[in-house]
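Just need the whole structure built from these sequences, with the hints factored in.
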Amino acid sequence: MTAPLDQAAMQPPLKTVCKALAHDSAEKHVTGTAAYIDDMVEPTGTLHVVPGWIRQAVRGEVTALDLDDVRQSPGVVAVLTAADVPGTNDCSSAFGDDPVLADGDILFHGQVAFAVVAETRDQARRAAKKVKAEVTSIPPVLTQEDAVAAETTVLPDYQFRRGSPETGMNASQEIVSGSLRIGGQEHFYLEGQIAMAVPQEDGGMLVYSSTQHPTEIQHTVAKVLGVPDALVTAEVRRMGGGFGGKESQANQWASLAALAAHATGRACKIRLDRDDDMIMTGKRHDFRVDWKIGHDGTGKIRAVDMEFLSRCGYSVDLSLGVNDRTLFHADSSYFYPDAVIRSRRLKTDTVSNTAFRGFGGPQGMLAAERMIDAIAIKLGKDPLEIRKLNFYDGERNQTPFGMPVEEYEVMHHLIGQLEESSAYWQRREDVSAFNAENAVLKKGLALTPVKFGISFTLKHLNQAGALVHLYTDGSVHLNHGGTEMGQGLYQKVAQVVAEEFGITLDKVRITATNTSKVPNTGPTAASSGTDLNAMAAKLAAQEIKARITAFLCEQHQCGAEAIHFGDNKVIIGDQSFTLSEIAKQAHMARIQLSHAGFYATPGITWDRDTATGRPFYYFAFGGACAEVTIDTMTGEMTVDRVDILHDVGHSLNPAIDLGQIEGGFVQGMGWLTTEELVWDAQGRLRTHAPSTYKIPTASDIPEEFHVRLYEGTGNPQETIYRSKAVGEPPVMLANAVFCAITDAVASLAPGEVPDLDAPATPEAIMKAVHGMRARKAGQ
Amino acid sequence: MRDTIRFLKNGEVVELDSVGPTETLLDYLRLRRRETGTKEGCGEGDCGACTVALGRLVGGKMVYQPVNSCIQLLGMIDGAELVTVEDLASDQRLHPVQKAMVDLHGSQCGFCTPGFIMTLFTLYHAEEKQKSRKTVTEWLAGNLCRCTGYRPIVDAALEACFDAADDAFTWRANETRQKLQDLADSRDVYLGDSNGFFASPSTLDGLAALYAQHPDATIVAGATDVALWVTKNLAELPKIIWLGRIEELDRVEETGSGVLIGATATYAATEAAMTRIETSLGALWKRIGSKQVRASGTIGGNIANGSPIGDTPPALIALGATLELHSADGSRALPLEDFFLEYGKQDRRDGEFVTGLFVPGLSANQVFRCYKISKRFDQDISAVMAGFRFALSDGVITEARIAYGGMAGTPKRAATAEAALAGASLEDPATWGAAMQGLISDFTPMTDMRASSAYRMETARALLAKALMEISGTAPEDVNVLIKREVDHDRAA
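If you read the protein sequences in the order shown, they are chains C and E.
Under the working numbering, the residues of the first sequence are numbered 1 to 779, in order.
Under the working numbering, the residues of the second sequence are numbered 1 to 493, in order.
One or more of the hints may lead you astray.
As the list claims (entries may be wrong) - One side only, chain C facing chain E, incomplete, derived with CB under 7 Å:
no. : residue
1   : 26
2   : 188
3   : 634
Unchecked claim - Reference listing, derived: stretches of chain E covered by chain C, where coverage requires no fewer than 3 residues with Cβ under 8 Å from a Cβ of chain C:
no. : stretch
4   : 37 to 46
5   : 112 to 123
6   : 147 to 158
7   : 261 to 272
To be verified - Label pairs and their calculated CB-CB ranges:
no. : chain 1 : residue 1 : chain 2 : residue 2 : range
8   : C       : 777       : E       : 447       : 25 to 35 Å
9   : C       : 512       : E       : 127       : 26 to 36 Å
10  : E       : 60        : C       : 129       : 43 to 53 Å
11  : E       : 235       : C       : 139       : 27 to 37 Å
12  : E       : 34        : C       : 72        : 28 to 38 Å
13  : C       : 686       : E       : 395       : 43 to 53 Å
14  : E       : 395       : C       : 139       : 51 to 61 Å
15  : E       : 235       : C       : 15        : 51 to 61 Å
16  : E       : 11        : C       : 711       : 44 to 54 Å
No lab work stands behind these hints: they were computed from the structure.
A quick note: this is a predicted structure, and the numbers were derived from the prediction, not measured.
Just so it is clear, CB atoms sit at the ideal spot from N, CA and C, and this is done for glycine as well.
See below:
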């Protein structure tokens with residue numbers, strides 16, 4: 001027995017966590033053997049479901065629905081309508097306003113009115129086109145302006161208010177105001193929406209769904225079928241991308257597959273065609289932001305008045321949380337002494353907008369960056385100066401919702417390091433020199449911060465469970481409530497469990513997320529997957545270890561400190577056993593080698609009615625510096641260089657974290673540049689395929705792309721190995737690109753704030769360029 | 001006559017006697033063979049998740065090209081070696097491109113990965129490639145990834161794809177070559193009956209006869225457009241005539257006066273000749289579709305389907321290209337611009353088909369520029385496409401040929417602007433004004449999801465100005481942000 005040493009010496013070197021290990025499925029990805037739902041072996045007699053819709057209808061009452069030709073089409077086994085729903089015809093997360101199948105009214109262009117079940121998917125698709133229907137035509141409410149005029153909202157207005165913005169505005173030396181339009185974004189997960197339902201005995205249903213929220217799939221299917229939750233099991237091994245688009249949006253397709261399976265008694269699969277997927281599922285909310293900001297004459301903010309007009313679509317979906325998060329991030333990283341930040345959740349006759357990586361936060365932050373840019377431009381100062389002047393600090397560190405920004409020093413250090421590593425000030429001079437010499441091409445530069453609150457603002461979602469079994473051969477079965485959509489969650493949790501048992505990763509069997517193993521889970525969302533599930537899995541492994549340790553202490557008459565788990569072995573004093581030997585002994589001694597771990601995030605409070613509390617466990621920080629060139633004759637733009645420094649605490653897996661940062665940034669860059677959702681005047685989405693909706697390609701990433709993890713002291717909160725969440729925050733690093741484009745356009749008429757809206761397509765850039773030229777002419 | 005299609009997979013000859021006329025290669029792989037490594041991401045050839053490699057003998061050498069299997073008709077792989085993601089790893093050992101993708105963390109959700117692997121496989125086997133980021137991003141333009149941001153994939157490509165190929169495919173290359181030679185025959189291929197068939201005649205006369213007999217048949221070259229009618233609109237096309245086995249149509253001949261392009265010559269096959277005509281034409285070629293689309297898509301098809309936003313016609317019209325048509329009654333030629341009558345309507349008579357195109361080169365007094373404006377640099381359809389050819393004499397424009405795409409229902413010449421430029425001086429921008437103004441009477445562009453009418457008009461004028469500025473040398477050092485990008489990316493990694 002050795003005497004206890006100091007804490008550091010007690011801590012053995014980490015073997016598996018904090019290592020840049022490959023994604024658990026990497027080899028399967030590259031060989032094509034990673035199975036997605038469409039790749040699973042289909043049960044004999046599997047039928048195929050295709051959603052049917054009335055293509056000419058946007059908004060109106062269905063006065064005639066003739067499905068005879070559909071039914072008589074070759075291969076058709078069944079055609080389902082709202083009348084075929086045995087339970088409740090609703091697949092919403094909470095508000096009861098999302099019909100699985102339209103019932104009487106068409107609420108938006110693309111709403112599912114019926115479903116075809118056929119022997120093959122091709123037969124079902126062909127049949128679905130044969131519908132004949134008459135729908136009255138109600139003039140649709142489409143834009144923010146339409147909705148404001150029609151006074152339609154999906155939820156009541158809401159606001160954060162701090163101090164007295166009226167007094168603050170009056171006390172300001174200068175006031176700047178403006179309006180910014182921010183476009184939505186299509187998720188464009190490469191694997192489209194898909195589900196397969198397999199009928200079970202006693203009316204049960206097993207549903208494979210590409211979902212971020214298996215529990216909601218289970219509950220929704222049970223509700224739609226009218227059976228108890230216990231009769232339904234949802235499972236997902238992996239998704240081909242999620243990004244928020246499979247948080248609530250998978251419900252409808254799982255419900256239709258289950259309805260079809262219920263109706264036919266056969267396994268039924270639904271896989272959306274890409275156009276249907278893009279037309280029928282929700283997107284990132286688009287906004288108009290009207291803002292007014294007062295400062296002291298040097299650029300230090302006195303008061304802020306912002307109004308976020310959000311297009312929610314025809315139903316609530318997740319718009320409550322999304323728009324709340326917009327408000328939570330309307331400060332970006334800046335202290336607002338007095339502020340009113342208002343939110344209007346507008347109802348439009350369009351597809352219901354939903355979660356998308358960042359969950360409303362990116363729009364809030366982008367508006368804040370626009371305000372800072374405007375102050376700087378008006379003062380003729382560098383925007384970075386104004387950003388730093390307004391950063392939270394030791395004294396000015398309360399957010400508009402009353403939560404202190406405790407780690408403001410991390411923010412300062414990080415931005416300072418990035419300022420240096422990106423050679424910001426030198427390049428500012430280079431950019432100015434370039435712009436002085438070039439009439440057609442203009443360069444822009446921007447360095448913007450990220451501060452993102454980590455935790456679900458709906459408190460009860462901040463919990464997770466894991467199920468860990470140790471088998472008697474020393475292998476471990478790992479299961480938890482988190483889902484794998486490519487973000488590497490399964491690998492990170494497996495690393496944590498392997499570390500805990502002192503075993504190599506090959507001993508840990510990762511298994512599909514399944515509601516019958518770990519129940520009542522929250523969605524894998526809000527960047528919280530690892531924080532929650534890795535902790536639950538660690539607790540489960542710890543408990544099993546503790547039981548074994550207690551057993552061994554008794555058997556070997558030693559203290560717990562004499563027992564060590566490591567290198568697939570258990571060391572007891574000077575004896576060494578394989579974990580398998582020990583597991584067998586423990587089993588013979590009737591020790592339970594399985595445990596369900598449970599974790600709930602500590603210390604978070606949020607009172608929505610008073611808009612106060614500590615809704616976030618902590619903040620994740622980051623910064624990006626971007627340089628762009630625009631062509632002022634055509635509006636074309638290139639991103640020349642990007643430097644990123646991002647805070648993930650102590651990284652659980654630097655390779656995976658780097659992938660999240662780079663991928664998130666590029667996704668954000670797409671949102672703010674090439675990804676334009678276009679609806680026509682009738683309310684029909686015109687960009688519903690990759691031929692018309694343009695996400696970034698390989699040549700869009702900057703030639704010079706320097707991405708580093710911030711080396712700090714780790715998360716001050718007791719998160720899993722002091723890491724920080726990384727899923728969403730990097731999206732907002734892309735604000736630097738938008739601000740750099742703004743900077744380039746601003747060079748055309750010093751002192752004028754460009755009227756640049758997002759996304760900054762060539763056309764949007766040209767519009768801003770014209771505005772500047774006109775104002776310069778008028779100067 | 002042969003009533004089967006034959007191809008090579010994994011060293012074995014596969015012979016199919018039942019092939020739906022519009023059955024796609026992707027459906028064949030996933031539904032019939034139950035090989036699910038190849039994924040469907042979009043069903044329109046824009047995401048690359050379904051990419052497979054087709055190996056063919058070109059001048060006696062094996063050439064592997066990436067194709068989108070979702071828009072490749074199954075019958076079109078006749079005579080090729082088909083390589084899918086399942087075929088790369090051998091004896092439990094990953095292929096070098098697979099290993100690099102694992103080592104450099106090139107996959108996250110993994111759904112797009114098989115497509116990337118296959119495009120990288122073709123890059124791995126490509127000859128005459130320069131190791132650079134630009135080379136890689138050009139090859140990868142047709143593969144979308146929504147997770148990684150591409151950096152690790154590009155790094156994996158740089159790591160794995162630029163040494164001499166040394167894999168199972170090179171080891172058995174001689175054997176493969178022999179097997180493909182054995183498969184090559186000059187028989188007509190015909191599967192089906194007179195109500196529905198996939199046919200591929202091997203001679204022009206055979207084609208003319210078959211088409212005369214079935215004027216309702218659909219003629220397919222690369223299928224990069226026709227297949228979308230099937231996958232997207234569920235079009236019933238019971239009779240398919242594929243041109244891919246007619247040797248006379250698959251030609252690219254550079255003569256003293258220009259380039260003769262056969263109807264089935266792909267973008268890929270014509271790129272070098274186009275670049276030799278003029279640099280910006282070559283740069284345009286690299287931005288048409290993607291590597292996958294350029295491997296299958298043909299200039300003949302791009303013209304024959306008459307799209308108002310086709311990338312090639314404006315440039316080719318400006319160059320003065322002429323089109324050759326053929327039918328059982330004989331042949332005729334016409335200026336390319338005359339082929340496009342109105343939106344969706346071309347001057348193609350019943351039983352007539354496009355056989356080729358002649359693109360004149362530039363004479364000593366002529367200069368040319370073309371530009372493509374789109375939301376995204378790579379693999380996007382143009383909002384505005386412009387081609388300019390000016391004949392010069394002592395700094396004066398003696399003749400202008402100007403054509404635009406995206407500005408009207410068809411690719412169209414700018415007659416007023418052309419006339420207004422005759423006599424304009426390169427050195428005096430004031431003399432360009434009438435032509436700029438002329439564009440307003442030449443076009444009334446539409447507003448759609450790609451651009452507004454106003455932006456199109458403004459950009460059309462900007463491109464004319466840009467061409468004149470560049471040619472006259474009155475421009476600041478560089479006036480083209482995208483050409484600048486080309487130059488930047490030329491740096492070796």
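Going down the list of hints, with the structure as the test:
Given the 7 Å rule on beta carbons, the hint for residue 26(C) holds: about 5 Å separates it from the nearest Cβ of chain E. Annotation: interface hint on residue 188(C) holds; nearest CB of chain E at approximately 5 Å, less than 7 Å. Hint status for residue 634(C): holds, given a least beta-carbon distance of 5 Å to chain E, under 7 Å. Three residues within the 8 Å Cβ limit are the bar, and the stretch 37 to 46 of chain E against chain C gives 9, so the coverage statement holds.
Restraint check on the stretch 112 to 123 of chain E versus chain C: 4 residues with Cβ-Cβ distances below 8 Å, three needed, restraint holds. Counting residues of the stretch 147 to 158 of chain E whose CB falls under 8 Å from any CB of chain C gives 8; the rule of at least 3 is met. Counting residues of the stretch 261 to 272 of chain E whose beta carbon lies closer than 8 Å to any beta carbon of chain C gives 0, which falls short of the minimum of three for the stated coverage. Range check, residue 777(C) to residue 447(E): Cβ separation about 26 Å, and the 25 to 35 Å hint holds.
Remark: the range hint 26 to 36 Å for residue 512(C) to residue 127(E) is contradicted by a beta-carbon distance near 44 Å. Checked against the hint of 43 to 53 Å, the pair residue 60(E) and residue 129(C) passes, with Cβ atoms roughly 48 Å apart. Hint check: residue 235(E) to residue 139(C), Cβ distance near 34 Å, so the stated range 27 to 37 Å holds. Residue 34(E) and residue 72(C) have their C-beta atoms about 30 Å apart, which keeps the hinted 28 to 38 Å range intact.
For residue 686(C) paired with residue 395(E), a C-beta distance near 45 Å keeps the hint of 43 to 53 Å intact. For the pair residue 395(E) and residue 139(C), the supplied restraint of 51 to 61 Å holds, since their beta-carbon distance comes to about 59 Å. Between residue 235(E) and residue 15(C) the CB atoms are about 59 Å apart, so this pair conforms to the stated range of 51 to 61 Å. The supplied range of 44 to 54 Å is met by residue 11(E) and residue 711(C), whose beta-carbon atoms lie about 51 Å from each other.
Comparing the model with each numbered hint stated earlier shows that hints 7 and 9 do not hold.
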